[in-house]
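Colleague: As they're listed, the protein sequences go chains B and G. Start counting the first sequence at 58; every next residue gets the next number (this note's numbering). Start counting the second sequence at 378; every next residue gets the next number (this note's numbering).
One thing to keep in mind: the hints can contain errors.
Claimed, not checked - Derived CB-CB ranges, DEER-like:
1) B:Ile151 <-> G:Phe808: 40 to 48 Å
2) G:Ile572 <-> B:Val130: 48 to 56 Å
3) G:Met777 <-> B:Val130: 52 to 60 Å
4) B:Leu126 <-> G:Met777: 52 to 60 Å
5) B:Pro150 <-> G:Phe664: 25 to 33 Å
6) G:Ser553 <-> B:Ser189: 26 to 34 Å
7) G:Ile667 <-> B:Val86: 48 to 56 Å
8) B:Pro174 <-> G:Asp436: 28 to 36 Å
9) G:Ala417 <-> B:Phe187: 44 to 52 Å
10) B:Phe187 <-> G:Ile572: 26 to 34 Å
11) G:Met603 <-> B:Glu162: 45 to 53 Å
12) G:Phe664 <-> B:Leu141: 51 to 59 Å
13) B:Val130 <-> G:Arg410: 29 to 37 Å
14) B:Val86 <-> G:Leu800: 54 to 62 Å
Honestly, the hints are just simulated from the structure, not real lab data. Just so it is clear, CB atoms sit at the ideal spot from N, CA and C, and this is done for glycine as well.
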Amino acid sequence: MIVQALAFYLFAGILTLSALMVISARNPVHSVLFLILAFFNAAGLFVLLGAEFVGLILVIVYVGAVAVLFLFVVMMLDISFSDLRKGAMQYVPIGLGIGGILLGELMIIYGGWKFAPNMSENLAAPLLRFESSSNTQSLGMILYTDYVLAFQLAGLVLFVAMVGAIVLTHRTRAGVRRQSVAEQQKRRPEDVLEIRKITSRTGV
Amino acid sequence: MISDFNLVPLLPEIFMALTGMGLLIVGVSQGNRATPVICAAAGAALSIAALVLLSLGWDAQTVMNGMFRFDEFAGFMKLLVLIGLIASLALSSRYLTQEDMARFEYPILIIFAGIGMMMMISANNFLTLYMGLELQSLSLYVLAAFQRYSVRSAEAGIKYFILGALSSGMLLFGISLIYGFSGTLDFTVLGKTIIGLEQIPIGLTIGLVFLLAGIAFKISAAPFHMWTPDVYHGAPTSVTALFAIVPKVAAFALLMRLLFQPFADMQEDWFQIIYFLSVFSMVIGAFAAIAQENLKRLMAYSSIGNMGYALIGIAAGTAQGAGAVVLYLMIYIVMTAGVFAVILHMRRQGLAVAKIDNLAGLSKTEPALAYGMLILMFSMSGIPPAAGFFGKLAIFNAAMNEGLYVLAVLGVVTSVVAAFYYLRIVKVMFFDEPADSFDKNEGSFARRVVLIVSVLFVIGFIIKPSILYECAMHAASALFTVAG
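Could you build all of it, start to finish, from the sequences and the hints given here?
Modeller: Put into structure tokens, the structure is as follows:
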């Protein structure tokens with residue numbers, strides 16, 4: 058029990074600190090690296106909760122793909138981050154104000170928190186059938202059956218994201234030589250080859 | 378396997394998704410030349426979806442593991458959304474080629490936004506709610522930035538995206554608090570949980586506050602309206618028309634389902650929030666619009682004000698109030714479609730203009746258009762016998778029956794203030810020196826049809842107001858029957 062609590066505070070503490078560093082680090086590459094650290098700690102928190110599948114997915118997807126993509130973007134785009142940060146200080150007071158209010162609200166929520174009387178029944182209802190199976194297994198059983206609608210909708214959201222990215226960034230450039238398979242297939246030897254008999258020492 | 382697996386109530390959505398993807402393939406193989414054809418096909422697909430919707434049995438049922446609820450309310454609101462989408466497609470098709478943004482993705486994004494809205498309307502679970510909301514918002518963000526060589530359009534897209542993401546964050550935070558409290562995402566179970574409570578705990582209330590803040594952003598109710606004028610102004614005008622006409626209907630349907638079904642027992646808590654939003658929106662919509670010179674910005678403030686009036690009906694909290702909201706939204710989308718048909722007509726030397734001054738002397742240069750706009754403006758400001766009057770009458774009537782005198786009086790006062798800027802447009806059209814006439818618009822047949830239908834609806838509503846009123850009341854009463 059004490060080990061769990063220790064691990065929780067360790068992960069949560071590092072998570073908060075690295076999140077702070079993400080927005081305050083001077084070098085954007087350091088920011089991304091801190092973001093990766095934050096993801097790892099969040100994954101640790103998931104594992105502590107017994108959701109090992111979600112934790113691992115977080116590491117694979119966010120660290121493995123998203124953060125690396127961020128890193129590429131930061132390195133490839135020539136953005137002057139110090140310019141972006143200019144004038145950001147003037148928003149600090151209002152930001153702190155709003156953050157303070159939210160923190161106060163959170164503390165009020167935490168202080169007066171009560172669960173609904175039938176909370177644990179509600180929580181257990183979708184998983185009654187899977188009491189004996191592991192976390193990953195039951196996730197697999199439930200994702201494509203009970204939650205098939207949400208799953209398909211998520212697919213549509215990603216589809217629209219893809220279409221949107223193409224709409225907003227794709228442009229046809231003039232003067233690009235593209236391979237045209239149809240043209241290549243249509244070529245016949247007689248169109249492009251000329252066979253001549255050449256006697257020696259006369260030239261073409 | 379799930380026990381309530383039944384795809385029949387989802388047929389319109391499934392049909393739209395499949396056609397959207399099919400049209401995308403056509404577009405990819407044919408290129409942007411095919412845009413007019415795809416626009417027409419998308420319009421036809423939406424009409425077929427509406428017919429499919431009408432042919433379904435509209436009895437209340439919950440399917441797909443309780444995630445999708447279909448009842449008379451959902452059916453009616455979906456029909457409104459589909460009509461709005463068809464109208465905005467009809468308004469856009471000519472504008473796209475005129476503004477050199479005729480890309481085939483445009484109608485396809487509209488279809489997918491439509492699927493998102495219909496999911497929002499039918500959501501019976503926070504998961505489907507959020508997925509529908511994101512599907513709709515994501516398509517709309519892209520549409521706002523569709524004219525990507527225009528700085529304004531890009532700015533509108535980015536502004537909408539960032540603020541939309543923020544509002545989604547608030548919504549999710551609220552949902553997480555509600556889930557943490559009740560242990561369920563399902564509206565039906567949540568409703569039962571809340572009914573059983575002796576006292577509402579603070580965590581649930583704050584969750585509801587965040588949830589409402591997120592949705593208020595989507596319906597652009599003040600004080601969450603800051604994005605509206607800039608986005609409406611910057612986005613291409615045909616997209617502005619879409620923004621003004623359709624998404625609000627879906628967001629309102631969602632709000633009504635949430636407040637009248639799972640959170641019905643927390644009425645004292647949400648009443649104050651809705652009250653405040655309503656008052657603020659009406660005041661901002663009336664006073665901030667006075668100084669506007671641009672018609673698109675003016676329509677933005679007008680839509681904020683109109684959302685304020687519609688919120689009065691929710692604040693009333695009765696079936697009558699809900700019916701009034703449905704009626705109000707129905708009249709609102711028809712009027713707005715007509716007004717945007719006029720705005721889209723305004724072009725000089727091949728460029729779109731949208732200043733109020735550009736309308737000067739329209740009664741001399743294009744009398745038919747001027748009289749159409751006159752009728753629409755009278756209706757917007759709520760002057761009888763135009764349809765807009767009946768919408769407001771139903772809302773205020775519902776408010777008075779519940780004793781919400783302050784709201785009703787404030788609604789009337791702000792309507793009078795708002796009448797100033799609607800009638801100013803009439804004054805500019807009829808009494809100012811004529812400006813140069815607008816370009817001749819060839820091939821804008823669909824837009825003309827939208828304008829004519831809208832004007833006829835506004836005038837003809839008085840002939841038999843009871844039909845649509847009864848329909849709206851009937852649809853809204855489905856919200857108040859006990860969820861099965």
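Colleague: Compare the structure with each hint and give your call.
Modeller: Status of each hint after checking the structure:
1. B:Ile151 <-> G:Phe808: 40 to 48 Å: About 46 Å separates the Cβ atoms of Ile151 (chain B) and Phe808 (chain G), which means 40 to 48 Å holds.
2. G:Ile572 <-> B:Val130: 48 to 56 Å: holds (50 Å)
3. G:Met777 <-> B:Val130: 52 to 60 Å: Since the Cβ atoms of Met777 (chain G) and Val130 (chain B) sit about 57 Å apart, the hinted range of 52 to 60 Å holds.
4. B:Leu126 <-> G:Met777: 52 to 60 Å: Holds - the Cβ-Cβ distance for Leu126 (chain B) and Met777 (chain G), about 57 Å, lies within 52 to 60 Å.
5. B:Pro150 <-> G:Phe664: 25 to 33 Å: The hinted range 25 to 33 Å holds for Pro150 (chain B) and Phe664 (chain G), with Cβ atoms some 29 Å apart.
6. G:Ser553 <-> B:Ser189: 26 to 34 Å: The hinted range 26 to 34 Å holds for Ser553 (chain G) and Ser189 (chain B), with Cβ atoms some 29 Å apart.
7. G:Ile667 <-> B:Val86: 48 to 56 Å: holds (50 Å)
8. B:Pro174 <-> G:Asp436: 28 to 36 Å: holds (33 Å)
9. G:Ala417 <-> B:Phe187: 44 to 52 Å: holds (49 Å)
10. B:Phe187 <-> G:Ile572: 26 to 34 Å: holds (29 Å)
11. G:Met603 <-> B:Glu162: 45 to 53 Å: Violated, since Met603 (chain G) and Glu162 (chain B) (Cβ atoms, about 22 Å apart) do not stay within the stated range.
12. G:Phe664 <-> B:Leu141: 51 to 59 Å: The hinted range 51 to 59 Å is violated for Phe664 (chain G) and Leu141 (chain B), with Cβ atoms some 36 Å apart.
13. B:Val130 <-> G:Arg410: 29 to 37 Å: Given about 34 Å between the Cβ atoms, the range holds.
14. B:Val86 <-> G:Leu800: 54 to 62 Å: Since Val86 (chain B) and Leu800 (chain G) have Cβ atoms about 59 Å apart, the given range 54 to 62 Å holds.
Hint violations for this structure: numbers 11, 12, all remaining hints satisfied.
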